[in-house]
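Enquirer: Okay, here's what each chain looks like letter by letter:
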Amino acid sequence: AQSVAQPEDQVNVAEGNPLTVKCTYSVSGNPYLFWYVQYPNRGLQFLLKYITGDNLVKGSYGFEAEFNKSQTSFHLKKPSALVSDSALYFCAVRLLSGGYNKLIFGAGTRLAVHP
Amino acid sequence: EAQVTQNPRYLITVTGKKLTVTCSQNMNHEYMSWYRQDPGLGLRQIYYSMNVEVTDKGDVPEGYKVSRKEKRNFPLILESPSPNQTSLYFCASSLFGQKDNLPLHFGNGTRLTVT
Chain A
1 AQSVAQPEDQ VNVAEGNPLT VKCTYSVSGN PYLFWYVQYP NRGLQFLLKY ITGDNLVKGS
61 YGFEAEFNKS QTSFHLKKPS ALVSDSALYF CAVRLLSGGY NKLIFGAGTR LAVHP
Chain B
1 EAQVTQNPRY LITVTGKKLT VTCSQNMNHE YMSWYRQDPG LGLRQIYYSM NVEVTDKGDV
61 PEGYKVSRKE KRNFPLILES PSPNQTSLYF CASSLFGQKD NLPLHFGNGT RLTVT
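First to last, the sequence lines map onto chains A and B.
The numbering of the first sequence is our numbering, which starts it at 1 and goes up by one.
The numbering of the second sequence is our numbering, which starts it at 1 and goes up by one.
Hints listed in this document are in silico derivations from the structure and should not be mistaken for laboratory results.
No experiment lies behind these values; they were computed from the predicted model shown.
Even for Gly, the Cβ is constructed at its ideal location relative to N, Cα and C.
Be careful, since some hints might not be right.
To be verified - Think about it this way: if two alpha-carbon atoms lie no more than 27 angstroms apart in a straight line, the pair counts; the simulated DSS-like pairs of lysine-lysine are:
hint: 1; chain 1: B; residue 1: Lys57; chain 2: B; residue 2: Lys17
hint: 2; chain 1: A; residue 1: Lys58; chain 2: A; residue 2: Lys102
hint: 3; chain 1: B; residue 1: Lys57; chain 2: B; residue 2: Lys69
hint: 4; chain 1: A; residue 1: Lys49; chain 2: B; residue 2: Lys57
hint: 5; chain 1: A; residue 1: Lys102; chain 2: B; residue 2: Lys69
hint: 6; chain 1: A; residue 1: Lys22; chain 2: A; residue 2: Lys49
hint: 7; chain 1: A; residue 1: Lys102; chain 2: B; residue 2: Lys57
hint: 8; chain 1: A; residue 1: Lys49; chain 2: A; residue 2: Lys102
hint: 9; chain 1: B; residue 1: Lys18; chain 2: B; residue 2: Lys71
hint: 10; chain 1: A; residue 1: Lys102; chain 2: B; residue 2: Lys65
hint: 11; chain 1: A; residue 1: Lys22; chain 2: A; residue 2: Lys58
hint: 12; chain 1: B; residue 1: Lys69; chain 2: B; residue 2: Lys17
hint: 13; chain 1: B; residue 1: Lys57; chain 2: B; residue 2: Lys18
hint: 14; chain 1: A; residue 1: Lys58; chain 2: A; residue 2: Lys69
hint: 15; chain 1: A; residue 1: Lys102; chain 2: B; residue 2: Lys71
Said to hold, decoys possible - Cβ-Cβ distance ranges computed for the label pairs, FRET-style:
hint: 16; chain 1: A; residue 1: Gln2; chain 2: B; residue 2: Lys69; range: 30 to 36 angstroms
hint: 17; chain 1: A; residue 1: Glu8; chain 2: B; residue 2: Gly16; range: 37 to 43 angstroms
hint: 18; chain 1: B; residue 1: Lys71; chain 2: A; residue 2: Ala14; range: 43 to 49 angstroms
As the list claims (entries may be wrong) - Sample of chain A residues with no beta-carbon within 12 angstroms of chain B, all distances over it, derived:
hint: 19; residue: Leu19
hint: 20; residue: Lys22
hint: 21; residue: Leu56
hint: 22; residue: Gly62
hint: 23; residue: Glu66
hint: 24; residue: Phe67
hint: 25; residue: Gln71
hint: 26; residue: His75
hint: 27; residue: Lys77
hint: 28; residue: Ala112
hint: 29; residue: His114
Generate coordinates for the entire structure from the input sequences, incorporating the hints supplied.
Expert: Here's what the structure looks like:
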């Protein structure tokens, strides 16, 4: 079955340290991958996407993600975490279904950045 | 300001009492969709609409109805709500049904409690 997994429910990081939020996928064909962030009492906001090309994708708020085809992963990274990065992060993969594209979301990973 | 607007933000109701959650977007987007977010399950698609008068079921459509009479509006209707529909609901839109990998724009969510 085509799916996306986020193996960690929560990631704790000290402010200023690098952070990684993990995502693995299982799809047939070339994967189109996305990261979204959800701040408290807000909807999801688009961070970045991988469609093709360079395996390192840069997005909003200093985040980047690395596509690794052999490991079927698309981990979200940031070199230096901020307390304001604390939020719920969702990885998503695009599937072609019924003639149109739909997004399948992972369960989400809560990032907590401590001062 | 470009946005997706959902109302109400919070709703508490009783089993069997019909309700409607409204969604409106001001970006002239063709594609609109409803998701529910539950802990540990991520976002699951309820219904989507590719354009006016074109709607289709997502992954969890049971107990829900939608309509798309105008391009900007996409209300979610629960004819007879049940406690298992207690959830956080999000409306989202994008320009061309994601076929161009354009990101989804999300509303701020509606937290529904059915007692």
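Enquirer: Now, for every hint given, state plainly whether the structure supports it.
Expert: Each hint tested on the structure:
Only pairs whose Cα atoms come within 27 angstroms are accepted, and B/Lys57 paired with B/Lys17 is accepted, the gap being roughly 23 angstroms. Restraint check for A/Lys58 and A/Lys102: the C-alpha separation of about 23 angstroms stays at or below 27 angstroms, so the hint holds. Taking the CA atoms of B/Lys57 and B/Lys69, the gap is near 17 angstroms; set against the 27 angstroms cutoff, the hint holds. A C-alpha spacing of about 26 angstroms is found between A/Lys49 and B/Lys57, which places the hinted pair at or below 27 angstroms, so the restraint holds.
A distance of roughly 22 angstroms separates the Cα atoms of A/Lys102 and B/Lys69; the hinted pair therefore holds under the 27 angstroms criterion. For the hint linking A/Lys22 to A/Lys49, the alpha-carbon distance of about 15 angstroms falls within 27 angstroms, and the restraint holds. Annotation: proposed proximity of A/Lys102 to B/Lys57 holds, straight-line Cα distance about 12 angstroms (limit 27 angstroms). In summary, the hint linking A/Lys49 to A/Lys102 is supported, as the alpha carbons are separated by about 14 angstroms, within the 27 angstroms threshold.
Of the pairs offered as hints, the one joining B/Lys18 and B/Lys71 holds, with about 24 angstroms between alpha carbons and a cut-off of 27 angstroms not exceeded. Distance hint between A/Lys102 and B/Lys65 is fulfilled; the C-alpha atoms sit about 19 angstroms from each other, no more than 27 angstroms. Distance hint between A/Lys22 and A/Lys58 is fulfilled; the C-alpha atoms sit about 16 angstroms from each other, no more than 27 angstroms. Restraint check for B/Lys69 and B/Lys17: satisfied, since their Cα atoms lie roughly 23 angstroms apart, inside the 27 angstroms limit.
Restraint check: the Cα-Cα separation between B/Lys57 and B/Lys18 comes to about 20 angstroms, which is no more than 27 angstroms; the hinted pair holds. Taking the CA atoms of A/Lys58 and A/Lys69, the gap is near 17 angstroms; set against the 27 angstroms cutoff, the hint holds. Between A/Lys102 and B/Lys71, the direct Cα distance comes to roughly 19 angstroms. Compliance with the 27 angstroms bound is thereby established for this hinted pair. Between A/Gln2 and B/Lys69, the C-beta spacing of about 33 angstroms keeps the proposed range 30 to 36 angstroms intact.
At roughly 39 angstroms, the beta carbons of A/Glu8 and B/Gly16 sit within the given window of 37 to 43 angstroms. Our hint of 43 to 49 angstroms for B/Lys71 and A/Ala14 holds, since their Cβ atoms are close to 47 angstroms apart. Residue placement check: A/Leu19 keeps its beta carbon more than 12 angstroms from all beta carbons of chain B (closest about 20 angstroms). Here A/Lys22 stays apart from chain B, with its beta-carbon at least about 14 angstroms from theirs, past the 12 angstroms limit.
In this structure A/Leu56 is separated from chain B by more than 12 angstroms, as the shortest Cβ-Cβ distance comes to about 18 angstroms. At roughly 18 angstroms from the closest C-beta of chain B, the C-beta of A/Gly62 stays outside 12 angstroms, upholding its exclusion from the interface. Remark: the non-interface label on A/Glu66 is consistent with the geometry, its nearest Cβ contact in chain B lying 19 angstroms away (cut-off 12 angstroms). Against the 12 angstroms criterion, A/Phe67 stays outside the reach of chain B, whose nearest CB is about 14 angstroms from its own CB.
Every Cβ of chain B is farther than 12 angstroms from the Cβ of A/Gln71; the closest lies at roughly 21 angstroms, confirming the non-interface assignment. The beta carbon of A/His75 sits about 17 angstroms from the closest Cβ of chain B, which is more than 12 angstroms, so the claim that it is off the interface holds. With a least beta-carbon separation of about 19 angstroms from chain B, A/Lys77 lies farther than 12 angstroms from that chain, consistent with its non-interface assignment. The claim that A/Ala112 lies off the interface holds: its Cβ sits roughly 16 angstroms from the closest Cβ of chain B, which is beyond the 12 angstroms cut-off.
Look at A/His114: its CB is around 22 angstroms from the nearest CB on chain B, clear of 12 angstroms, so calling it non-interface holds up.
Violated hints: none; the structure is consistent with every hint.
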